[in-house]
Amino acid sequence: MRLELQKRAGASTLFSILSPFIALVLTLVAGAIMFVILGKPPFASLYSYFIEPLFLKFDMGPIFSDFSFEGIVPNGWSLEQILVKATPLALIAVGLAVCFRSGNWNIGAEGQYLIGGMFGAMIPVLFNDWNSPLTLPLVLIMGMLGGALYGFIPAILKSRFGTNEILTSLMLVYVAQQLVDWIVRGPWRDPKGMGFPGTKSFNESAVLPSLWQHADAHYGAVIAVVAAIAVWFMLAKTSKGFEITVLGQSPRAGRFAGFSAKNMTVFAFLFSGAMAGLAGISEVSGSVEKLDDKLSLGYGFTAIIVAFLGRLNPLGIVAAALVLALSYIGGEAAQISLGVSDRAARVFQGLLLFFVLACDTLIHYRVRLVAAVEAVA
Amino acid sequence: MKKTLFALAASAAVMLSAGAAQADGHAKTKACFIYIGPTGDFGWTYQHDEGRKAVEAEFGDKVETAFLENVPESAEAQRPIEAFARSGCNIIFTTSFNYMDPTNKAAAKHPDVKFEHATGYKREHPNVSTYSSKFYQGRYVQGQIAAKMSKTGVAGYIASFPIPEVVRGINSFILGAQSVNPDFKLKVVWVSTWFDPPKEADAAKALIDQGVDILTQHTDSTAAMQVAAERGIKAFGQASDMIKFGPKTQLTAIIDDWAPYYKERVKAVIDGTWKQQDVWHGMDHGSVAMAPYTNMPDDVAAMAKKTEESIRDGSFEPFTGPVTKQDGTVWLKDGEKADIGTMLGMNFYVKGVDDKLPK
Amino acid sequence: MDVWISIILSICAASTPLLLAATGELVVERSGVLNLGVEGMMIMGAVAGFATAQVTGNPYLGALVAMGAGALFSLLFAFLTLTLVANQVATGLALTILGIGLSGMIGEGFVGRPGIRMEALDIPILTDLPIIGKLIFGQDLIFYISIALVFGVYWFLFKTRAGLTLRSVGDNHTSAHALGINVIKVRYLAVLFGGACAGLAGAHLSLVYVPQWVEGMTAGRGWIALALVVFASWRPGRVLVGAYLFGTVTIGQFHAQAIGIAIPAQFLTSLPYIATIVVLVLIARNRRMTMLNTPASLGQSFVPDR
Numbered sequence: 073m074r075l076e077l078q079k080r081a082g083a084s085t086l087f088s089i090l091s092p093f094i095a096l097v098l099t100l101v102a103g104a105i106m107f108v109i110l111g112k113p114p115f116a117s118l119y120s121y122f123i124e125p126l127f128l129k130f131d132m133g134p135i136f137s138d139f140s141f142e143g144i145v146p147n148g149w150s151l152e153q154i155l156v157k158a159t160p161l162a163l164i165a166v167g168l169a170v171c172f173r174s175g176n177w178n179i180g181a182e183g184q185y186l187i188g189g190m191f192g193a194m195i196p197v198l199f200n201d202w203n204s205p206l207t208l209p210l211v212l213i214m215g216m217l218g219g220a221l222y223g224f225i226p227a228i229l230k231s232r233f234g235t236n237e238i239l240t241s242l243m244l245v246y247v248a249q250q251l252v253d254w255i256v257r258g259p260w261r262d263p264k265g266m267g268f269p270g271t272k273s274f275n276e277s278a279v280l281p282s283l284w285q286h287a288d289a290h291y292g293a294v295i296a297v298v299a300a301i302a303v304w305f306m307l308a309k310t311s312k313g314f315e316i317t318v319l320g321q322s323p324r325a326g327r328f329a330g331f332s333a334k335n336m337t338v339f340a341f342l343f344s345g346a347m348a349g350l351a352g353i354s355e356v357s358g359s360v361e362k363l364d365d366k367l368s369l370g371y372g373f374t375a376i377i378v379a380f381l382g383r384l385n386p387l388g389i390v391a392a393a394l395v396l397a398l399s400y401i402g403g404e405a406a407q408i409s410l411g412v413s414d415r416a417a418r419v420f421q422g423l424l425l426f427f428v429l430a431c432d433t434l435i436h437y438r439v440r441l442v443a444a445v446e447a448v449a
Numbered sequence: 012m013k014k015t016l017f018a019l020a021a022s023a024a025v026m027l028s029a030g031a032a033q034a035d036g037h038a039k040t041k042a043c044f045i046y047i048g049p050t051g052d053f054g055w056t057y058q059h060d061e062g063r064k065a066v067e068a069e070f071g072d073k074v075e076t077a078f079l080e081n082v083p084e085s086a087e088a089q090r091p092i093e094a095f096a097r098s099g100c101n102i103i104f105t106t107s108f109n110y111m112d113p114t115n116k117a118a119a120k121h122p123d124v125k126f127e128h129a130t131g132y133k134r135e136h137p138n139v140s141t142y143s144s145k146f147y148q149g150r151y152v153q154g155q156i157a158a159k160m161s162k163t164g165v166a167g168y169i170a171s172f173p174i175p176e177v178v179r180g181i182n183s184f185i186l187g188a189q190s191v192n193p194d195f196k197l198k199v200v201w202v203s204t205w206f207d208p209p210k211e212a213d214a215a216k217a218l219i220d221q222g223v224d225i226l227t228q229h230t231d232s233t234a235a236m237q238v239a240a241e242r243g244i245k246a247f248g249q250a251s252d253m254i255k256f257g258p259k260t261q262l263t264a265i266i267d268d269w270a271p272y273y274k275e276r277v278k279a280v281i282d283g284t285w286k287q288q289d290v291w292h293g294m295d296h297g298s299v300a301m302a303p304y305t306n307m308p309d310d311v312a313a314m315a316k317k318t319e320e321s322i323r324d325g326s327f328e329p330f331t332g333p334v335t336k337q338d339g340t341v342w343l344k345d346g347e348k349a350d351i352g353t354m355l356g357m358n359f360y361v362k363g364v365d366d367k368l369p370k
Numbered sequence: 006m007d008v009w010i011s012i013i014l015s016i017c018a019a020s021t022p023l024l025l026a027a028t029g030e031l032v033v034e035r036s037g038v039l040n041l042g043v044e045g046m047m048i049m050g051a052v053a054g055f056a057t058a059q060v061t062g063n064p065y066l067g068a069l070v071a072m073g074a075g076a077l078f079s080l081l082f083a084f085l086t087l088t089l090v091a092n093q094v095a096t097g098l099a100l101t102i103l104g105i106g107l108s109g110m111i112g113e114g115f116v117g118r119p120g121i122r123m124e125a126l127d128i129p130i131l132t133d134l135p136i137i138g139k140l141i142f143g144q145d146l147i148f149y150i151s152i153a154l155v156f157g158v159y160w161f162l163f164k165t166r167a168g169l170t171l172r173s174v175g176d177n178h179t180s181a182h183a184l185g186i187n188v189i190k191v192r193y194l195a196v197l198f199g200g201a202c203a204g205l206a207g208a209h210l211s212l213v214y215v216p217q218w219v220e221g222m223t224a225g226r227g228w229i230a231l232a233l234v235v236f237a238s239w240r241p242g243r244v245l246v247g248a249y250l251f252g253t254v255t256i257g258q259f260h261a262q263a264i265g266i267a268i269p270a271q272f273l274t275s276l277p278y279i280a281t282i283v284v285l286v287l288i289a290r291n292r293r294m295t296m297l298n299t300p301a302s303l304g305q306s307f308v309p310d311r
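Chains as they are written, first to last, in the working numbering: chain A, 73 to 449; chain B, 12 to 370; chain C, 6 to 311.
Do not take every clue at face value.
Computed cross-link-like contacts, DSBU-like style, restricted to lysine-lysine with a CA-CA straight-line distance of at most 30 Å [claimed, not checked]:
#, chain 1, residue 1, chain 2, residue 2
1, B, K116, B, K133
2, B, K316, B, K348
3, B, K120, A, K272
4, A, K272, B, K116
5, B, K278, A, K264
6, A, K79, C, K190
7, B, K278, B, K120
8, B, K367, A, K264
What the hints contain is simulated information worked out from the structure, not anything from laboratory work.
Just chain A, with the same shape it has in the complex (with noise of 0.2 Å):
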């Protein structure tokens, strides 16, 4: 009895759609089975995970003693945390999306993030006075163009000498987060920051500003939601998209039609560098409001898995960040109320991404169990 795989004459669409919401289900199973094997009662600790950091659990004690409404009103500040944590995610991912669907495997976006966080500190470190309507936007911008010109690198290097892409990239990440370190340590360190790693704080003007007053949530997210669209009209409804698809199918394709498979390399990367770069420069101007030793926290690899989740597609995408902050978010719930230890958050998305590339394979195949009952028709 063993598996095999018989490809379908096109993609079903049935499951391209069913897929990431069968791998959800699955990985609830597995989490399900992993508390079990924890001694943590499962669904509890699937509750305190996924649902409890969406609504409010309160008491109603002194007016209904044994009555308490539960999990009726939304946690507003819950999910606006979600909102927070998504953001990065989204923005990386979209660019991402664009990168492999291309073909182009930018594993190094981490890399990207943090250079562009750098270069656009570098303003509001290095002119920390300068205030004007038009320093917020040369920070954004100066954040995308950190990001594309690293991107640039692995780029480059595999259209001008074909060097493996994925390999590069990621040395790439190791080599940035060693920059950074550096720089705040170093030449970038605020003098009146008791020895600590880090810049001067920004000036307000270099901040991107709270979408409502005390909020943690930036204008980030607007930006996030803005280019996914942005993005999903172009691979959906114009020429480079289609181009994108061509070169990402099949290179040989592509150059029938006349498309460059090296310029789409530079493009990729190009344009994933620059979302990566704009996600670190919101991350540094937005939550930390200065550049320190502290902003990789692999942000760029779980972005990866956002990706896939959202099926490449940017829309998708969006949903799919926002699913995956609710991990993080719902590990510390789960850490609070039931002490279960925050490496499950981990486990969960190293699961979630696992059962999505297994379920990936059902939109071009159909699985048989050879000598045995057919396993999914």
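Given chain A, work out where chains B and C should sit, using these hints.
Quick look at chains B and C alone, frame taken from chain A:
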């Protein structure tokens, strides 16, 4: 539209959580802790968690505790601190320097919750206190022991980041050593991490190969202790008693004992007497303790105990003149004591450190 | 003299896990599969080895179980990429993310326990020989395995029929399939071998290097191993040179500091990665060398058509 919806939900949340806190007011006091590392690091975070357990043991049913481990520093800490404040914690201890800004931000939003921030200096709201310990006092004792025990006259120091806290420890160590042997030298290696056992082990091996025969560290793992044990030299434990990682190796260790402080502050919340403060306790308060003096002759142990005692009763302070800086200029004149500002922002070496302070 | 010997021993210790993991990955990549999950398999090996040694008191058993754990974990990757033809890059990444999380959970109960060290050999007379005694006869077992492995893999790949089969699968899976070779089976075996090697590398970290379990203790060494394979342009001998070069830089940076040479640590840390990129460019430019050594179907999925 979206904005107002969120705002409404947020204000509802605030009202409800305030209501919940009132309803719970007579029940348990909830003390919550934010940790930088895993509770099992056997160093910094482990000791804070021991303090948390001491609170539970002391107050029993009257308190409830919770903790979040591996919380990244800086802006990422904002959310967990707030989550705690919203989940009904009455007092929140944030136990790493870079939780400083997020702690103060959360304090502004939750005036009813008490915040205690370790090793920081910002108290922007009346509900924020800061606390730290004078670990450098223990370093002085270690320096004296090192100078007595070393045959090569050189000790090695595995350092994390060139922040004042670490520099203070290095200076105190060399001052202690020089009080025994004026020619004593100290080699410093910076590993740029608080916690990376293989890297700390590499640094330890390199220092030993460079001729040091006593190791001390300002990083959090027990790796250096294990390397010292393997190579047959002596070493000092850090933050926590590491004797089981080097039964024949550890001379003593500086133990961060947070239990007295945590009990005192939680009690203040229970009694309703909590007030903002800034404390920098040392051996006098029991916050800095020394692990048993082991693997050394009795006379060395006796000397160490004597120094420890004189620091505890206040008759002696490590940073007392005459002290010369590394560049040869006089820092403290004979009998002069260091002022607290210079201590807190220490960014220079004293004479005898064989290293250039990274800028 | 003793000082130099002890420095060389430190370099051996720093290089061994890199060498093991890289040699394993080299075989995987020679078969045409790119497994980016080395870090994940390595850390699973580290925790499995440590836990076994703690429970049984036997570090050798620990190393054995670590190899099994690495192989078992790599099976997950093999099933997804080979049977279900999932994307290799993303699957490898998933393996790493899962491995780091899972090992943290498994290891929770073992944190803060002094480990059981796999002791270095101590052969009477031989180990006491001047200079060479300690270097040749006084190291831990895993060190010897790592060196033997390089030569074994070289011999296997270039001197045996099975090795030729494996390389032909990596170079052109379609024609290998046409010749009647079971491409999927060869790749499964290669991936499992790579997993076992990475697991053993992890065991070296938690049983020899620093005998304790610490979450995330591989700290990026799996990625360095990946870089090394490319750095060595898929040649076993060059992996050996590369691993020891990396090990020397790792140890050397602390010596440089201790004798007062102030190079920013960040620069030294990033040096191996920059070197890899340079090598990648150099081998890509040299077309003849690329053709000779690079597995042409690296990273491409294969579905046997019927």
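A quick look at each hint next to the structure:
In summary, the hint linking K116/B to K133/B is supported, as the alpha carbons are separated by about 11 Å, within the 30 Å threshold. Taking the CA atoms of K316/B and K348/B, the gap is near 22 Å; set against the 30 Å cutoff, the hint holds. This hinted pair checks out: K120/B and K272/A have alpha carbons roughly 24 Å apart, not beyond 30 Å. Of the pairs offered as hints, the one joining K272/A and K116/B holds, with about 18 Å between alpha carbons and a cut-off of 30 Å not exceeded.
Taking the CA atoms of K278/B and K264/A, the gap is near 36 Å; set against the 30 Å cutoff, the hint is violated. A distance of roughly 20 Å separates the Cα atoms of K79/A and K190/C; the hinted pair therefore holds under the 30 Å criterion. Annotation: proposed proximity of K278/B to K120/B holds, straight-line Cα distance about 24 Å (limit 30 Å). At most 30 Å may separate the alpha-carbon atoms for a hinted pair to count; K367/B and K264/A meet this at roughly 21 Å.
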